[in-house]
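> One-letter residues, chain by chain:
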Amino acid sequence: MNDMRLVERDVSNRQAKIEARGVQVHYGEKHALKDVDVAILDRTVTAFIGPSGCGKSTFLRCLNRMNDTVASAKVSGNITLDGQDIYDPRIDPVQLRAKVGMVFQKPNPFPKSIYDNVAYGPKIHGLARTKAELDEIVETSLKKAALWNEVKDRLSAPGTGLSGGQQQRLCIARAVATAPEVLLMDEPCSALDPIATAQVEELIDELRTHFSVVIVTHSMQQAARVSQKTAFFHLGSLVEYGETGQIFTTPQDPRTEAYITGRIG
Amino acid sequence: MSDVMAGTPEGARGGSLLEGSARTKRRRAREWRMKAYGIGAIVLSLSTLFFMLATILMDGVSAFRQATITFPLTVDAAIVDKTGNRNVEEMAKVTTIGYKRLLSQGFVAHLAAAGIDTAGVPEKDLGDMLSDDGPARLRDMVLADPSLVGQVVEVSVYATGRIDGYLKGRVTRETAERDTNVTPEQLDLADNLVAAGLLTMPFNWGFLTGPDASDLRPEASGLGVAIIGSLYMMVLVAIFTVPVGVATSIYLEEFAPKNRFTDLIEVNISNLAAVPSIVFGILGLAIFINFMGLPQSSSLVGALVISLMTLPTIIIATRSAIRAVPPSIREAALGIGASKMQLVFHHVLPLAMPGIMTGTILGLASALGETAPLLLIGMVAFVTNYPAGPFEGGVMDPATALPVQVYSWASRSDPAFIERSSGAIIVLLVFLVIMNVAAILLRRRFERRW
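The listed protein sequences correspond, in order, to chains A and B. Everything in the first sequence is counted per the working numbering, starting at 5 for the first residue and increasing by one. Everything in the second sequence is counted per the working numbering, starting at 14 for the first residue and increasing by one.
In case anyone wonders, no lab produced these hints; they're calculated from the structure. Check before you lean on any hint, since a few could be wrong.
To be verified - Computed list of chain B residues with no C-beta within reach of chain A, every gap over 12 Å: (1) E32; (2) T131; (3) N205; (4) A209; (5) W218; (6) V248; (7) P270; (8) S283; (9) P289; (10) I291; (11) E344; (12) L347; (13) E405.
What the hints assert, rightly or not - Which chain A residues face chain B? A few, computed with CB under 8 Å, are given here: (14) V98; (15) A102; (16) F114; (17) Y124.
These numbers come from a predicted model, not from an experiment. Ideal Cβ placement from N, Cα and C applies to all residues, glycine included.
Could you put the whole structure together from the sequences, leaning on the hints where they help?
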């Protein structure tokens, strides 16, 4: 919000939820992310686009400290969630990940029942005191993920028995169940067929009313369809960040233009 | 067709698709040879296995039957209770020599009474057809129940190893000629006893339950002590190795930093798995017996030594089971805010459990067959007393183990022990098969829980 570039017409009333300043990531010798500054707005869908290996997934994984699990990864710079430095040593990454949920490229439900998949997060974070409360969280989460009607009669069936698209929506329900403030999605549709993709995209638009969504995607059409803000990454740098419509129609940087017109990538 | 094909490179190679080119034929031949080698290797190993099993079965099955002579015997008070007051302490002064006389006399008397042709066997040799195991058992029976004195009881006594061998075809009249322990006349009498129904071949429970016996009475030797010893060891090995092995694996896989020190640990675990087992025996002798002063020949020391050998196997199996848990599940759990502990105990361990179980049971199965280290810590001893119960310090009592029993029987001179050691191998194999089947069943059961 204090960066003039971020003031956009349709999301101008939104506050910055996550602010990143000078974020650098090294994987051993490899400099994977160079000096990224970005502000993710509240209740907005932000798309990260760019060619393979450009650092967009790396940056996404910095936002909930999933890079901590990679031994060789070194993150520097400053990322704040609601003004709080998430790399502060006093911060518990476990708490952070309850607030910043994540959905992965490949649907990865736990090999448990549909119910247990969704109930797992609330259980470990103590969000429900009674069974009835837990039941309600499971139901509302599955409803938010537009899966309730399909699975309400077989909540005890294994989550791994669902179709690919249903599994991905189950993973979204699982992430939604911990009442996150930000939802990170790492190419959530790349393993799905077009119909399932359309369902998930519709869902993303729906989820935007509750919290910020950050989506990494390879598909520029998808970015254009679901997001209000788009960031273009190239060779580890954030090249351009702005309103989605502006990025796709009047890109400021020649590299962005080259990418969206298909000349690099 | 040729019009279409003519312009293409495939067409240029010529020939119909029905007839392969020389190159394809060579490729085919190579494939066929590869398959033939594979099938040949399988046939070779299966036939070796079959040959081994067949030999063991042929030699060993007879150990499960035992020639037994059954006859009514009057427990003569004049021999077993001279004072006549049925005082157990007084009666205990009569040794097995007295009971041997009692049995011989009773046997001779019954043969005469039943009118069985003794085939010219002198009276002295008649009693020698009964195992020396008989008097001891009769003595125990009478001392346990003094009211039997003066009564007529039906006694079943093992026939000696030679008579047993005759009924199993191991002893013939020709070998009996040269044998000082048996005469051809005794064999004739054995035939008569069989005809009269006195000499039978019932299932030999004593082989499974009885303790070992000396070279002089192979017919009385049993696996009881060895089975108890092996059982104690397996339970103790499982108790020692599973918690330590699983904890080690979890720490190394999930928590340990990757540095030179943990690399060193990893290399050494693999090395430990390759150390010859006899070395562990020497280690056990030096540490557990000489340094810590634990009793020799005890199942506890055996279990400790075998645990050292089994640990690397279990650690390696557990680590690979943990590593096989898909990273996507780890990401899912971490991404939702699970802690390391929750990740391990809610997701990784349940998924790795079938692999851990299988690895553990297979490790235990190979431990069950381990012999060399047990020889060094004295479990090859001749043990005729059963160890006490597991909660009465039985693990500290001297015991043997199944494979060691096989070894010690195989090295004895009496040919009757050949069938005994093969029989012991059959028992050992049955235990191994049971453990392997258990591994498979557990694996199936756990895998079905997705």
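> Regarding the hint that A:A102 lies at the interface with chain B, is the smallest CB-CB distance below 8 Å?
holds, 4 Å
> Is the Cβ of B:E32 more than 12 Å away from each Cβ in chain A?
Non-interface label stands for B:E32: nearest chain A Cβ at 44 Å, farther than 12 Å.
> Classify the label on B:W218 as holds or violated, using whether its beta-carbon is more than 12 Å from each beta-carbon of chain A.
Given a closest Cβ separation of 47 Å, the condition holds.
> Beyond 12 Å from chain A, beta-carbon-wise, is B:I291?
Fine: 40 Å to the nearest Cβ keeps B:I291 off the interface.
> So B:V248 supposedly isn't at the interface. Is its beta-carbon more than 12 Å from every beta-carbon in chain A?
holds, 31 Å
> Are all C-beta atoms of chain A more than 12 Å from that of B:N205?
holds, 71 Å
> Verify this label for me: B:L347 is non-interface relative to chain A, using a Cβ-Cβ cutoff of 12 Å.
Non-interface label on B:L347 violated, nearest chain A Cβ at 6 Å vs cutoff 12 Å.
> Take a quick look at B:P289 and tell me if its Cβ sits farther than 12 Å from every Cβ on chain A, holds or violated.
About 36 Å separates B:P289 from the closest Cβ of chain A, which puts it past 12 Å; holds.
> Verify that the Cβ of B:E405 lies farther than 12 Å from every Cβ atom of chain A, and report whether the claim holds or is violated.
holds, 45 Å
> Are all beta-carbon distances from B:P270 to chain A longer than 12 Å?
With a cut-off of 12 Å, B:P270 comes too close to chain A, as the shortest Cβ separation is near 8 Å.
> Measuring Cβ to Cβ, find out whether B:A209 lies farther than 12 Å from everything in chain A.
Given a closest Cβ separation of 69 Å, the condition holds.
> Can we trust that B:E344 is non-interface, i.e. its beta-carbon lies farther than 12 Å from all of chain A?
violated, 6 Å
Against the hints set out earlier in the document, violations occur for numbers 7, 11, 12.
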